[in-house]
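Undergrad: Each chain is listed here by its residues.
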Amino acid sequence: MNTSLPIFLAVMILLQNSWCQADATDFHTQTIKLALTQEPPQLNGMKATDQVSVMVLGHIMEGLTRYDRRGRLVPGVAERWEITDKRATFWLRPDARWSNGDTVTAHDFVFAWRTTLNPATASEYAFILYAIKNAEAINQGKMAPEQLGVQALDDFTLTIELERPTAYFSKLTAFVSYFPIQEKFYKSRLDRYAADADDLIFNGPFKMTDWVHSASMKLKKNPLYWNRDQIKLNAIEADYITADTRARLNLFIDDKIIFTRLDGETYQDALTRKFRIRSFSTGSVFFLEYNHRPGRVTSNLSLRQAISAVFNADEFVNKVLATPGNLRGESLFPVWLSGTEDKFRVEYPAQKVAPDTALGRKLLTQAGLQLGIAHIPPLVLLVGDSPTAAKQAEYLQGLLKNKLDLDIKIDIQTFKQRLAKMTSGDFDMVGAGWGPDFDDVMTFGDLFASWNLNNRGRYNNAEYDRFVRTAMNSSIPKIRMDAMAELQRIIHEDAVILPLYEQGVIYLLNPKVRGVVRKVVGADPDFTFARIVQ
Amino acid sequence: MLSYITKRLVAGLITVWFIATATFIAMHLVPGDPLMNQKAVSAEIRLNLERKYGLDKPVVEQYFIFLGNMLTGDFGISYTQQNRKVNDIIKDHFPVSATLGILAIFFATLGGILWGAITAVYKNRLPDIIIMFLVILGISVPSFVFAALGQLLLVNLNQLVGQSVLPVAGWGTFSHMLMPSMVLGLSTMALLTRLMRSSMLDVVNEDYIKTAKAKGLSPLRIFFRHQLRNAILPVITVLGPQIAAITTGGFVVELVFAIPGLGRYFVQAVQQLDYTVIMGTTVFYGSFLVLMVILVDIVYGFIDPRVRLQ
Numbered sequence: 380m381n382t383s384l385p386i387f388l389a390v391m392i393l394l395q396n397s398w399c400q401a402d403a404t405d406f407h408t409q410t411i412k413l414a415l416t417q418e419p420p421q422l423n424g425m426k427a428t429d430q431v432s433v434m435v436l437g438h439i440m441e442g443l444t445r446y447d448r449r450g451r452l453v454p455g456v457a458e459r460w461e462i463t464d465k466r467a468t469f470w471l472r473p474d475a476r477w478s479n480g481d482t483v484t485a486h487d488f489v490f491a492w493r494t495t496l497n498p499a500t501a502s503e504y505a506f507i508l509y510a511i512k513n514a515e516a517i518n519q520g521k522m523a524p525e526q527l528g529v530q531a532l533d534d535f536t537l538t539i540e541l542e543r544p545t546a547y548f549s550k551l552t553a554f555v556s557y558f559p560i561q562e563k564f565y566k567s568r569l570d571r572y573a574a575d576a577d578d579l580i581f582n583g584p585f586k587m588t589d590w591v592h593s594a595s596m597k598l599k600k601n602p603l604y605w606n607r608d609q610i611k612l613n614a615i616e617a618d619y620i621t622a623d624t625r626a627r628l629n630l631f632i633d634d635k636i637i638f639t640r641l642d643g644e645t646y647q648d649a650l651t652r653k654f655r656i657r658s659f660s661t662g663s664v665f666f667l668e669y670n671h672r673p674g675r676v677t678s679n680l681s682l683r684q685a686i687s688a689v690f691n692a693d694e695f696v697n698k699v700l701a702t703p704g705n706l707r708g709e710s711l712f713p714v715w716l717s718g719t720e721d722k723f724r725v726e727y728p729a730q731k732v733a734p735d736t737a738l739g740r741k742l743l744t745q746a747g748l749q750l751g752i753a754h755i756p757p758l759v760l761l762v763g764d765s766p767t768a769a770k771q772a773e774y775l776q777g778l779l780k781n782k783l784d785l786d787i788k789i790d791i792q793t794f795k796q797r798l799a800k801m802t803s804g805d806f807d808m809v810g811a812g813w814g815p816d817f818d819d820v821m822t823f824g825d826l827f828a829s830w831n832l833n834n835r836g837r838y839n840n841a842e843y844d845r846f847v848r849t850a851m852n853s854s855i856p857k858i859r860m861d862a863m864a865e866l867q868r869i870i871h872e873d874a875v876i877l878p879l880y881e882q883g884v885i886y887l888l889n890p891k892v893r894g895v896v897r898k899v900v901g902a903d904p905d906f907t908f909a910r911i912v913q
Numbered sequence: 005m006l007s008y009i010t011k012r013l014v015a016g017l018i019t020v021w022f023i024a025t026a027t028f029i030a031m032h033l034v035p036g037d038p039l040m041n042q043k044a045v046s047a048e049i050r051l052n053l054e055r056k057y058g059l060d061k062p063v064v065e066q067y068f069i070f071l072g073n074m075l076t077g078d079f080g081i082s083y084t085q086q087n088r089k090v091n092d093i094i095k096d097h098f099p100v101s102a103t104l105g106i107l108a109i110f111f112a113t114l115g116g117i118l119w120g121a122i123t124a125v126y127k128n129r130l131p132d133i134i135i136m137f138l139v140i141l142g143i144s145v146p147s148f149v150f151a152a153l154g155q156l157l158l159v160n161l162n163q164l165v166g167q168s169v170l171p172v173a174g175w176g177t178f179s180h181m182l183m184p185s186m187v188l189g190l191s192t193m194a195l196l197t198r199l200m201r202s203s204m205l206d207v208v209n210e211d212y213i214k215t216a217k218a219k220g221l222s223p224l225r226i227f228f229r230h231q232l233r234n235a236i237l238p239v240i241t242v243l244g245p246q247i248a249a250i251t252t253g254g255f256v257v258e259l260v261f262a263i264p265g266l267g268r269y270f271v272q273a274v275q276q277l278d279y280t281v282i283m284g285t286t287v288f289y290g291s292f293l294v295l296m297v298i299l300v301d302i303v304y305g306f307i308d309p310r311v312r313l314q
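Protein chains in written order, with this note's numbering: chain A, 380 to 913; chain B, 5 to 314.
Hint data in this document are derived by calculation from the structure and do not stem from the laboratory.
In this text, a Cβ means the ideal position worked out from N, Cα and C, and glycines have one as well.
Among the hints, erroneous ones may be present.
[As the list claims (entries may be wrong)] To give an idea of the chain B side of the interface with chain A (calculated C-beta under 10 Å), a few residues:
#, residue
1, Asn87
2, Gln155
3, Val260
[As the list claims (entries may be wrong)] The calculated DSS-like cross-link candidates involving lysine-lysine, where the alpha carbons are at most 25 Å apart (straight line), are:
#, chain 1, residue 1, chain 2, residue 2
4, A, Lys521, B, Lys89
5, A, Lys788, A, Lys741
6, B, Lys43, A, Lys800
Based on the provided sequences and hints, a complete structural model is requested.
TA: Structure below.
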């Protein structure tokens, strides 16, 4: 080997040093750098389902309404709106622009919503538009998309007929599935729409200028955005895409990214490095879902109550999860949901239960008698394949063995396999979770309605269904919340699920960056109103 | 020569067809449903998705449709990134994996030959013992450990210097490639060192080396012209499959160093049951491996004239 190679290498390293310097924050250009946890699989708002896509879309697009930095619903493309029992009207601002210069009109919303509901689009989130008249029938192919109860009276007036009173309709319009899409542009791209940066046009605070798949994504401040004066950041650059939490922590230490989520393992390292660790409640609830299908032992109420009786929610949160921010599981309805005036859980507290082994044993004996078996056969606990899921399953296995002498068979499956087994009912208990799709109790409430396809334990209770319908068909807060409280009671009394915890996540944020908003629903984290201080 | 290559190519095609068929069968046998996602969808939407991907047809028919498309080089649309073609995914991300892989192979070969030769020269003495100890480590420690350690090393180095000497992760410039390619090439380097050492020791006792010494050639000339050239043959043999393995097996390294390579798609596709990406990447990698093996056989003939390609 001759000597030119080492010299070449040294020169290369020195040369690149100048552009390797860029830090996670730049005060003068107001630029922040990020790492995405995965390549956004779908930036077509009509089809996006995952968190990363929703996060990106929340920065580059805007719906009729949006959330401000304090979590209040504020005008977006719509200047104002009016919602009565069965009708909603939105008046659009005349200065909302697409990045190609065109005005955002009411027709863009009509087109987007019709297309999303068209069964040919096969949108997984179409159900979130079901509040609009005829939406469900269209989505099931029983009506033409043109029959959707939405109309553009002129370019700036959008009227919507509602299927039933939907008190939270204005909140729904902040969600990605309600974002507008310009028909002209969409039709010029068709299958390629949102495949690359030039296959998108934007109406949000930022526009995407560059997207190298699986490598990087650059967002720049959108000069045509109507509220541009409120946007302080000039650029959001996601220079890295990796799911590896340790790699992201290393990037954070090296001042290459401003934000990273921690897990149990990296949490310890962050502590050692004396970083300020922040926590955030994601709004998701995790629970053990029982298989209620007839013939399953878990369809026996006493057995389910026995398991509930010995479960210690505090121990689970503090010893098993063991990272800050998680809350004990008490209800299907998480603490952040709004009730009539205060938080729902303040107005309607969940039933508190203290672990009681003796009661659990008594209930278990009862279950044995009712089922006519001397010993309950091993129960299959279906869980995902993450290390935390395995740890939780092992804890439950140990707990039920010790307290109740119940045998648990843990069935660890990858995501798709677990879903397939959940759907076909091949389990006794499954570690499940539910995250909110919109900011209303109903996003949790109808989960165990007999018609809900996501009710994978097939819980079927006419009383439960009745209360869901009561809440659905009313726009009077008190009636709706009372019905939800009944649902909360039924879930507890009938031990429909065993609430495990309300998820909290811990993360690091560069202290020079202010105004980053964490959100339970929609784009999270939200850097829209962030700014860099010196 | 030409007929030999043709024969090998035909055999290669059959191998690729076999790989494709086996993967197709295995993929459909794996439990789970590629179209299922967190949110349950209505029967109507489900049907539309099945139609879009041709899953509404019998599996045998799906197989023949797949074979037909494969012949025209079309692997369809990804299930997880519904607006990207599998061909585009391969086209965008394979060059990255290949660049990383070539660099890794470069480090591995250079290091392997050098360390192997040194250990042979210092047989059973201290340098040999130390290097061989490291070689055992290199072979037995999995790459995700090296990847994490390598990255940590960079973090600490940058902190020590007070500025970014080398980037911790990412892709784009040559400096991004250094650490990941070294990590990726480590196990191959270890393997090659061992191989090189034993074949060097075999060669040392050959008559032609004694002849060369008797002729009074300089030790360096003997080493490079006679020893190395003959000892390198087994290294070339394993290099073909190793190149294929390295350019395809960088999943962990790509993940840790946030590199947009094809390895990530290859592994994630299996986890997510992304049928079209599984088939596309497997057939692509399979063909690549077969091609590499054929290539090595041809190269072999050039290096060792005794090997006649019939």
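Undergrad: Taking the hints in turn, state whether each one holds.
TA: Status of the hints after comparison with the structure:
1. This hint holds: Asn87 (chain B) has a C-beta 4 Å from the nearest C-beta of chain A, less than the 10 Å allowed.
2. Nearest Cβ of chain A to the Cβ of Gln155 (chain B): about 5 Å, under the 10 Å cut. The hint holds.
3. Interface hint status for Val260 (chain B): upheld, as the beta-carbon distance to the closest one in chain A is roughly 5 Å, under 10 Å.
4. Of the pairs offered as hints, the one joining Lys521 (chain A) and Lys89 (chain B) is violated, with about 32 Å between alpha carbons and a cut-off of 25 Å exceeded.
5. For the hint pairing Lys788 (chain A) with Lys741 (chain A), the CA-to-CA distance comes to about 23 Å; that is within 25 Å, so the pair holds.
6. Under the criterion of a C-alpha separation no larger than 25 Å, the hint pairing Lys43 (chain B) with Lys800 (chain A) is consistent with the structure, at around 14 Å.
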